[in-house]
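Visitor: Below are the chains, spelled out letter by letter.
Protein chains: 4
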Amino acid sequence: MIIILKSGIGDAAIDDVCRRVTEMGYAPHIIRGEFKTIVTVESVMPVQQPFKLASREVRPEPSEVRVNGISIGGQAIVVMAGPCSVESEAQVREVADAVKAAGAKILRGGAFKPRTSPYAFQGLKEQGLKYLADARKRTGLPVVTEVLETESVELVAQYADILQIGARNIQNFTLLRRVGEMGKPVLLKRGMATSIQEFLLSAEYILAAGNPNVILCERGIRTFETTTRFTLDLNAVPVLKKLSHLPVVVDPSHGTGHWDLVAPMAKGAVACGADGLIIEVHPNPEEALSDGPQSLKPSKFVQLMRELRPVAEAVGRSL
Amino acid sequence: MIIILKSGIGDAAIDDVCRRVTEMGYAPHIIRGEFKTIVTVESVMPVQQPFKLASREVRPEPSEVRVNGISIGGQAIVVMAGPCSVESEAQVREVADAVKAAGAKILRGGAFKPRTSPYAFQGLKEQGLKYLADARKRTGLPVVTEVLETESVELVAQYADILQIGARNIQNFTLLRRVGEMGKPVLLKRGMATSIQEFLLSAEYILAAGNPNVILCERGIRTFETTTRFTLDLNAVPVLKKLSHLPVVVDPSHGTGHWDLVAPMAKGAVACGADGLIIEVHPNPEEALSDGPQSLKPSKFVQLMRELRPVAEAVGRSL
Amino acid sequence: MIIILKSGIGDAAIDDVCRRVTEMGYAPHIIRGEFKTIVTVESVMPVQQPFKLASREVRPEPSEVRVNGISIGGQAIVVMAGPCSVESEAQVREVADAVKAAGAKILRGGAFKPRTSPYAFQGLKEQGLKYLADARKRTGLPVVTEVLETESVELVAQYADILQIGARNIQNFTLLRRVGEMGKPVLLKRGMATSIQEFLLSAEYILAAGNPNVILCERGIRTFETTTRFTLDLNAVPVLKKLSHLPVVVDPSHGTGHWDLVAPMAKGAVACGADGLIIEVHPNPEEALSDGPQSLKPSKFVQLMRELRPVAEAVGRSL
Amino acid sequence: MIIILKSGIGDAAIDDVCRRVTEMGYAPHIIRGEFKTIVTVESVMPVQQPFKLASREVRPEPSEVRVNGISIGGQAIVVMAGPCSVESEAQVREVADAVKAAGAKILRGGAFKPRTSPYAFQGLKEQGLKYLADARKRTGLPVVTEVLETESVELVAQYADILQIGARNIQNFTLLRRVGEMGKPVLLKRGMATSIQEFLLSAEYILAAGNPNVILCERGIRTFETTTRFTLDLNAVPVLKKLSHLPVVVDPSHGTGHWDLVAPMAKGAVACGADGLIIEVHPNPEEALSDGPQSLKPSKFVQLMRELRPVAEAVGRSL
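Protein chains in written order, with my numbering: chain A, 3 to 321; chain B, 3 to 321; chain C, 3 to 321; chain D, 3 to 321.
Simulated from the structure, these hints should not be mistaken for lab results. Keep in mind the model is a prediction, meaning the values are calculated, not measured. Careful: at least some of the hints might be erroneous.
In this list, chains with the same sequence are indistinguishable; a pair is considered to hold if it fits within one copy or across any two.
[Unchecked claim] Distance condition first, Cα-Cα at most 30 Å in a straight line; then the derived DSSO-like pairs of lysine-lysine: (1) Lys127 with Lys186; (2) Lys139 with Lys102; (3) Lys302 with Lys244; (4) Lys132 with Lys244; (5) Lys127 with Lys302; (6) Lys54 with Lys127; (7) Lys244 with Lys299.
Starting from the given sequences, assemble the full structure and let the hints guide the process.
Guide: This is the structure in structure tokens:
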């Protein structure tokens, strides 16, 4: 830690600073400049990253999160796909079949929906979870779905293979601890104003509760730009891979808010080092109950998967 | 709603758009330009604000929230003050006595603390609530304190007069609904990346659950600027007063992160129309367990209250 | 300067760092932690602020900029008012008479207009400057007007009493140096993404060219919020007053973009320590060639001046 | 254009709005809702993009900018590389040889440097331009270099093949017009707070002055995130390609500020559709007079070019 003292400060004040530092168990070093005086405090903690379990310093090799035989963070890029909201049994079934056929490895879909307005569709809740579980049975695809609140963690965990923590809950520390105690893999989405350091400290809450199976997800941050719904921050991918051993996936659907930006940003994400993607697919985006404008039709998703394969191979990965 | 069609679109496609709009129960109006065609959809909803109960359109006169005989949103500016975290019985007592003597009307203090790091001090929890209740008994000041999670809403409500929802929980919709059902006054803090519209929609969750006693609190948003911890957005005060009837208070302590900016920004807040302030006061800011750098010493708080009075009077309010 | 070395770095590498630091003329201090090693470099420069002439450290007492007997930065709050664009002789005359009668001390008006689109009205240019000079003759009010480019600095300086550098030119360093060489007072507007440090370094360009007459102007920064055109950052007022001796004025018209937010934010600015205001006034805002929505009608300006006076007095200033 | 009238507005006021719209030469359409009234104004202009010459609506096929036989915006990805600042003849020569050998097609280097501080190195100016011209002669690589001010446009144009407008001059409209009149290709860098629409309107200034040879360059925007120097906004690539026919290149060096993020973001840029890259290479980054931390050593640049090739091919491009 570095303490910069005001110019013209007296010796008594400097002594007082040093005394306090010593009381805290550290060794102060005084550096007197021509105009200012600095006290440096020898301390291991502030030099290391404030996150420990999430850090590359603690675990230099990358982590892999395994779910039903699929590894996230390994050599293969893992694509998770499905509708924003689960709307009906037929819808989930149709999408699940389509994304599986196209090569997706995990089925996504929201049963509990966090909505900005209290008057908007809030999800099918447990019925939606059942449709997802049926689709898993049918296709063999593991299911990732959001859990909104501590009260429903157990319920969601009965049906889901991966528990998703949404962007709005990134600093809901009680919920983070609870999913940490569950042990099931967690997909943790960065909040819209979450710094990289805060993101990793939120992951640390889950890890510190005993659950090492955390997947980080970049999904767009809030900036001044309005042509995109959020600003998908692909820089976060190499930054997170440098600071942490945890796998990183990217959500170009929420991150951009426009279906025609999903394919280019998905390719960009893979090229810059993402371990996976999470993509919204809907049979009739115009009639979706949420986030239609950013959803791909199944045919567009097939095309995207075809285009992604050579990009993955170009960076030494498979799809 | 306005639908702008791509240039060169054919009549069949325009008809299809109109048919779909009609099916949704609205009356489309087609406007053909030289290059583009627009379809306007006559609909009451999207023209009105998406928030209803929080809106000035629904209730033109300002709301007042009353707690123990104090009115927030009335003629008088209400100052809430106290430590960031409750740390000990003596600390709360000392601060409570001091802020009461200086003219504060409500005691603030955190017993459950949301902390970015899992390794930071998380608050004294129920013991902290007890110290706050003791200080209320001693001073007569009602207590505002944060509730972090649905599980502890009832517990906190036993001790607190106003339930605070912190910035990190602004879109924790389950928690919003729960404090909405409680009926007790709620101090709702804007999140660090929450737009004004989202802020009012979060208030709408509480109002729609049956609780009209919502106080809005501006506490700084996240921008590129780093000389302040956050960018306290005083523009939000007149904007919120224009759009909503709910009372608005300002937190210059969290909003700036520096104790020497608290007094000027507190005066600015009152001058631009705030109904109240929430200010951190600590007997020994250098030794505070959280947010020391932004806390005022009691003597500075006394001085601030003295300086605030003429500003309040200059804008037709009392203190 | 602090150099943090990677964990596990060898002695040879540490020696190499120290050798390089020594070559640069500084004295390195090595601090070995349990996991990491830090080298601190004793150097006066990086500890002080990077701006020198603009700094409070160099000049602790506030500066006053004087123009035609008016002092900006002194005890009195100085209000500058007038139209966004000069549109006609009659318009300038009408506004000049009105703002003078209401108590404004300086006339503002744009003759050279920086416009986002090449197809928008670009100002009356020299003709506009003449109308401003005529209005000065008539009312005695000194004139502040924007200079867009080095080529027209001399021309604008013939007519203007204060040269305004607009937000878009905050890092047009050639223009900053040129107005620095002129000696005339300069109103320097913060750019929409300019940090406080960059702002003061831009002022430093003018000061270092020999011109001490710099007035800083906060006019709104770009954030995610869209209910205001920009986010007027009133925090900048006390921050700038703390770091620098230069006078600070606030532009609530551009800063908010809405005429009905101008009065509350103007009062907020004065209460938090601004030395002046710059406000747009137009006889027919609905027909203004630029920025009509943020302009006050003369009658509203009269009312604002009346409301500002007690606020100024409440913070120990006059108007 | 859509005009939404306040609830409860009278017929006289509605008539007045319509009269004014008619006077402006447009046809108003009134839509009365249950609570509100909307007037839509049939007008070609506001429906189309405000930029015309830059727009895909005006020119659906992509533009190519040609310089010395190289096409930017064609099938091949074009890499521009070189030092941030020209520092010496030897430095430019060494870098030019190295980047040419590695496959770069254009040499970059700054002779006139825009520096935040007036006390920082401001570039070698004309001497630097001469070193660049020598390096072109030696290697055959065309040169791109920044022009800071209208006064030196002719001088820089004597030496440069592409004139670069830096981020700080994105709304220096006089300079934009001047390089528009020159006709030489222009590399236009997005400012750090420039919206996509403003970016294209700045390009429009150059195009409207008669110069069709504009290359757009994304180089990072300012956000709250501090682990990167700026937030390189790769979303801008597909958004610009959708709205405009102009070629788009990406600067991952300035955009991230860290050399170890350059390679992943360069690959991401190519994968999401960029037509080219501009990359800083320095023989001794630790001793660079500017931007050392973000510069690649020649050996790292060779490696990057090797890794980029398969990514370019994966998206149907060559390198």
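Visitor: I'd like to know which numbered hints this structure contradicts. Please list them from smallest to largest.
Guide: 4
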